[in-house]
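Asks: Below, each chain spelled out in residue letters.
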Amino acid sequence: MDDGAIQLVDLKKRFGAQEVLRGVNLEIPRGKITVVIGRSGTGKSVLLKILMGLLRPDSGNILLGGQDMTKLGDSALLKMRNRFGMVFQNAALFDSMTIYENIAFPLREHERLKEKELKARVDAALASVGLLEHGHKDPHQLSGGMRKRAAVARALVRKPEFLLYDEPTTGLDPIMTAHVDELIRGTQDSTPGLTSLVISHDMQATLHIADKIAMLFEGQVIFEGTPDDVRTTDNPVVRQFVEGRLEGPIKV
Amino acid sequence: MSGERPLNVVESLGAAVLGVVNDFGSYTKFTAWALWGILRPPYRLRLLIKQMYFVGNQSLSIVLITGAFTGMVFAVQSDFAFGKFGARGLIGSTVVLALTRELGPVLTSLMVNGRVGSAMAAELGTMRVTEQIDALESMAIDPIQYLAAPRIGATILMMPILCAAFDGVGALGVSWVATHVLQVNPGPFFDRMAWFVDPDDIWGGMLKSALFGFIVASVGCWRGYHAKGGAEGVGQATTKAVVAAGVAILVVDYFVTVIMAPLSVNRI
Ligand SMILES: Nc1ncnc2c1ncn2[C@@H]1O[C@H](COP(=O)(O)OP(=O)(O)OP(=O)(O)O)[C@@H](O)[C@H]1O
Ligand SMILES: [Mg+2]
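Chains as they are written, first to last, in the working numbering: chain A, 460 to 711; chain B, 738 to 1005.
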């Protein structure tokens, strides 16, 4: 299983009486984009937070290079987070800092760099998302799509092995959506060894950018496959979700 | 509270007590972790200085105005009292004693609470609901150490300075009103003031204000850190922080004053 970057094994998580994840099994392949789809409230964000170590699962394992992340202590977990970059749904840029400082921030905190080296790294990250001339601005001076791009640059700047995107295109206009999708695909294609996990509600974009699609339904992964598999499947749940119909096994 | 039946008194009292106990536990844990964050590396001196500047810059003008007028109004009020038995020379010493020991630390921290505690709760609350705190954590940074430690440290350091400024302008206020408006004889006025007011009064008041500064910043940060639910949640966190810290200052002040009182009795 050399190409299996991350393996989720029977992950369970409940909040009080609410069972959110009821045994999630999923392989996230190395060097590819995996998109997780599913209805609002099925636990996609919870899954991402568990992956990031921000939440602990009740049971199950997350295998990463033969190591079980769920068994790590706090300091090992902190180290592990250094291998991840996360793009938050609303970008989550620090609004007390300029765009440049936002992107420099993870480098300043974790890597001892000379100011010149730091600037080279940050400028390269800014340029890769087409924001080189906007580094001096505050986050609120950018448009939504520009903020999202800055967030991608910030997640990328330390060259993580894993990039997690939580609904990167929700709430953007169609053109901006296409733009951000292009950015995700472009980043993937230009970064060897990068493993991306995207959460999305947007079926069209998903079919466009994904190498692999997994559908989360009632706390389990009920479908895994390529975009073509999704287009041709006769799984009624997937069909209903993809086509956005009211009738079917998924009840509102 | 599903609305099946109304809660009886015992149940709602129980829920209230449970809420207070939960809050206390959460506050204690948060604050202990923040204090530990001050002591251990990484030390973020730049953030500390930035916060000290913020605290001072936000509050200095209101603290000076409050101090001056508190001194002035107390001069008038104590003239009313002391004038009845011809002891107007005591106005200065009495008012300055009250300022340095009590009014300085308490009023300064209440003003700073309104200005700085609320700003801290709002800022951290906004960071929470906009996922900026999650973002910090996802970058392998301890958000409590990064956000709360410098704010608490800065407020502890700045509050005594602001308190001393309050005391200073308060003393000027009372002196000016007494000698220029009430026409008290300046000689005995300043003699008594110097004789009655001990440096320990000033230091004690400043020390108390440092404790109040700790309360203001820790409560503000704690409430903001745990804010939920968008702009409304941030507003609630801010209000709750200001009210809780304000009440806590007055309650803690009583107990600290009672504990500190024996220390200053024997010198008179
Ligand atoms: N910290 C928490 N405490 C309690 N319940 C939670 C918590 N986080 C999530 N939940 C619950 O878990 C369920 C899944 O939430 P999650 O945010 O993962 O949904 P989602 O699949 O990401 O939905 P969306 O597509 O709308 O973002 C929801 O019902 C939510 O109420
Ligand atoms: Mg979500």
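These are calculated hints, taken from the structure and not from any lab test. Here the structure is a predicted model, which means the values were calculated and not measured. Think of the CB as a built atom: it goes at the ideal place given N, C-alpha and C, for glycine as much as any other residue. You may find that some hints are simply not true.
If you only want the chain A side, here are some residues facing chain B, beta carbon under 10 Å, derived [what the hints assert, rightly or not]:
{"no.": "1", "residue": "L513"}
{"no.": "2", "residue": "K538"}
{"no.": "3", "residue": "F543"}
{"no.": "4", "residue": "F553"}
{"no.": "5", "residue": "L572"}
{"no.": "6", "residue": "K575"}
{"no.": "7", "residue": "A610"}
{"no.": "8", "residue": "E706"}
{"no.": "9", "residue": "P708"}
Think about it this way: if two alpha-carbon atoms lie no more than 27 Å apart in a straight line, the pair counts; the simulated BS3-like pairs of lysine-lysine are [to be verified]:
{"no.": "10", "chain 1": "A", "residue 1": "K530", "chain 2": "B", "residue 2": "K977"}
{"no.": "11", "chain 1": "A", "residue 1": "K578", "chain 2": "A", "residue 2": "K538"}
{"no.": "12", "chain 1": "A", "residue 1": "K573", "chain 2": "B", "residue 2": "K766"}
{"no.": "13", "chain 1": "A", "residue 1": "K596", "chain 2": "B", "residue 2": "K977"}
Asks: Check each numbered hint against the structure and report the violated ones by number, ascending.
Replies: 5, 6, 8, 9, 10, 12 and 13
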